[in-house]
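Participant: Starting from the known structure of chain A, fit chain B onto it as the hints suggest.
Protein chains in written order, with the numbering used here: chain A, 1 to 338; chain B, 339 to 676.
What the hints contain is simulated information worked out from the structure, not anything from laboratory work.
Wrong hints could be hidden among the right ones.
Subject to a maximum C-alpha distance of 30 Å in a straight line, what follows is the list of computed BS3-like cross-link-like pairs (lysine-lysine) [to be verified]:
hint: 1; chain 1: B; residue 1: 523; chain 2: B; residue 2: 541
hint: 2; chain 1: B; residue 1: 591; chain 2: A; residue 2: 203
hint: 3; chain 1: B; residue 1: 526; chain 2: B; residue 2: 382
hint: 4; chain 1: A; residue 1: 118; chain 2: A; residue 2: 30
hint: 5; chain 1: B; residue 1: 441; chain 2: B; residue 2: 541
hint: 6; chain 1: B; residue 1: 566; chain 2: B; residue 2: 441
hint: 7; chain 1: B; residue 1: 386; chain 2: B; residue 2: 371
hint: 8; chain 1: A; residue 1: 253; chain 2: B; residue 2: 591
hint: 9; chain 1: A; residue 1: 188; chain 2: B; residue 2: 627
hint: 10; chain 1: A; residue 1: 253; chain 2: B; residue 2: 627
hint: 11; chain 1: B; residue 1: 627; chain 2: B; residue 2: 371
hint: 12; chain 1: A; residue 1: 203; chain 2: A; residue 2: 103
hint: 13; chain 1: B; residue 1: 591; chain 2: B; residue 2: 566
hint: 14; chain 1: A; residue 1: 185; chain 2: B; residue 2: 627
hint: 15; chain 1: B; residue 1: 456; chain 2: B; residue 2: 541
hint: 16; chain 1: A; residue 1: 38; chain 2: A; residue 2: 228
hint: 17; chain 1: B; residue 1: 523; chain 2: A; residue 2: 289
hint: 18; chain 1: A; residue 1: 44; chain 2: A; residue 2: 30
hint: 19; chain 1: A; residue 1: 38; chain 2: A; residue 2: 48
hint: 20; chain 1: B; residue 1: 382; chain 2: B; residue 2: 368
hint: 21; chain 1: B; residue 1: 371; chain 2: A; residue 2: 228
hint: 22; chain 1: B; residue 1: 591; chain 2: A; residue 2: 228
hint: 23; chain 1: B; residue 1: 526; chain 2: A; residue 2: 289
hint: 24; chain 1: B; residue 1: 566; chain 2: A; residue 2: 253
hint: 25; chain 1: A; residue 1: 253; chain 2: A; residue 2: 228
hint: 26; chain 1: A; residue 1: 103; chain 2: A; residue 2: 228
Protein chains: 2
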Amino acid sequence: MYEHLAVVGATGAVGRIALDLIAERNLPFKTIKFLSSKRSAGSKITFKGQTYTVEEMTPESFNGVELVIGSTPDETARDFAPWATQRGALVVDESGYWRMNPKVPLVVPEVNPDDIHKAEIGIISSPNCSTTQMVVALKPLHDAARVTRVVVSTYQATSGAGVQGQDDLIAGARAHLAGDTHDYKAFKHPIAFNLIPQIGSPKHEGYTSEEMKMVWETHKILGDDTIKICPTCIRVPVSNCHSESILVETERKLSVAEARELFSSFPGITVVDDLAAGVYPMPQQCSGKDDVFIGRIREDLSSPNGITFWCVSDNLRKGAATNAVQIAELLIGSRATV
Amino acid sequence: MYEHLAVVGATGAVGRIALDLIAERNLPFKTIKFLSSKRSAGSKITFKGQTYTVEEMTPESFNGVELVIGSTPDETARDFAPWATQRGALVVDESGYWRMNPKVPLVVPEVNPDDIHKAEIGIISSPNCSTTQMVVALKPLHDAARVTRVVVSTYQATSGAGVQGQDDLIAGARAHLAGDTHDYKAFKHPIAFNLIPQIGSPKHEGYTSEEMKMVWETHKILGDDTIKICPTCIRVPVSNCHSESILVETERKLSVAEARELFSSFPGITVVDDLAAGVYPMPQQCSGKDDVFIGRIREDLSSPNGITFWCVSDNLRKGAATNAVQIAELLIGSRATV
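With the rest of the complex left out, here is chain A (with noise of 0.2 Å):
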């Protein structure tokens, strides 16, 4: 059924990631093969042991393939997807393209797999990393006590921009330390020893592009347009994995036990939590890791029915290709190794 792969974008940052997750994860598969741009075609990707060639992407590149992994910018998507549902391929697409259209499911495995049949037009989208890691801490409380609010602020490290985004940091850091500066090319203005109060562009009523992704994404994933989101991205001078302040408020009171409980016993989060021993997540710690961590949970002061805490995930990993892979998976229905 999906024994033909081809992974597009397989030279980014996330493709490269998502290799390694194919391999480690042993997904199955008959034939794979390797698309990119123009600008990457021809170099050499060593996967499981052999040397494959990327190849050009291209409408008749995708002839035969039965299931595509895409980790491209928004305007790659929008092209290269219709060339392989054309052929009959599904595709599992990580960008923002095809997020918010009504035919294309967009899933998080813990979260919502049985949407992958909801596959109208044969594409299955993957949230945005800040998304993603939100919703799998929501699911638990939402299914236990129904979410009705949201106050999140972000903390979001520089490999959301990409490998630029990352070299840009280190450029940044080495140039700050040595009284020179650096042109960014990632950011609009220097992130080494700084905050940048913007992620994406304007969007919404004075929200950026990031932020109302996290309401909308949100709403779609969950199926519930009922529930209020006030969400503050920033972007913070850490190489990789996104960070959450995230305040709860739902219809039954849960206690801090609870909570904790519900996390615990989640798919995909791992609880860590002990604020006397200076324990929590942080995202040096959390990088290349799947897991969605979270720690200092407690009970919101401010409203009568809140939880309060801290999330944090790998952006690269379980914000873009461990749950692309995973969703894979779901197709493939080998869901063993999840």
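Facilitator: Frame of chain A, contents of chain B only:
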């Protein structure tokens, strides 16, 4: 009345800024002396073109002193303040030790200037840095529409942990970039290219001492303990200036235009808010300035009467030295330069 000054802790990060401000703002006095712990005594300070020798602080060193500005750790303030007040001096103290004492007013000159007259035991406290900038932002909204609830997530600079905190960030960043490790002195965990979701010690129902300061000190300064406040305090790899993502609910609905106007016309606040042009407060740009900077002002998408915004201020200046010197100015009655 307050013609004979002493500055305690004049060699610390905040104390040095206090000296600069006393000079810049032309605080009037007849004599000034500089006091410190035994360790720093004997060191030289240049102030208004003259060289002074820092004296070791003893009870007798406060003889003849009328006004003291103290920038010391809590334990030092516990000891020296009574030495000074017993000799008739008034103490403006930046430490945390006296703040919640019911006989000690906690003053932010833009917010509750009249409280300087309530110094029952000769001590006036200046609030914690994360509280000061927030109450300046809350005050105009509270006066106009009554604040009922605050949800705040902070992004706090390493200078909040003193000179050692700033040195740790730089040394840690250098080590990280060189592939080495750094033995952090001011932090429990690495802070360079990382986040630490703990400031202070565990204090109250899972909240840290820093977080509870934002609740209790805000109540005291605004004279209103009915305001519900949920704080999350996070250390970020920024050298100086604390940033805060603040959501405020008010009894009467405020429009964004009204909130912006209230902020703009309030003393000590500078509005920097044009998302489309990429204009908003950032810590590197606010460092060395005395104001509280506010941007990203928008309607809360999650409540009927909410406003959310981004607030940045120099924690060593308005969060400490500037506020203390402003209190001294109020006392002396020379507010011309505020």
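Participant: Any hints this thing doesn't respect? Which numbers, in order?
Facilitator: Violated: hints 3, 10, 16 and 21.
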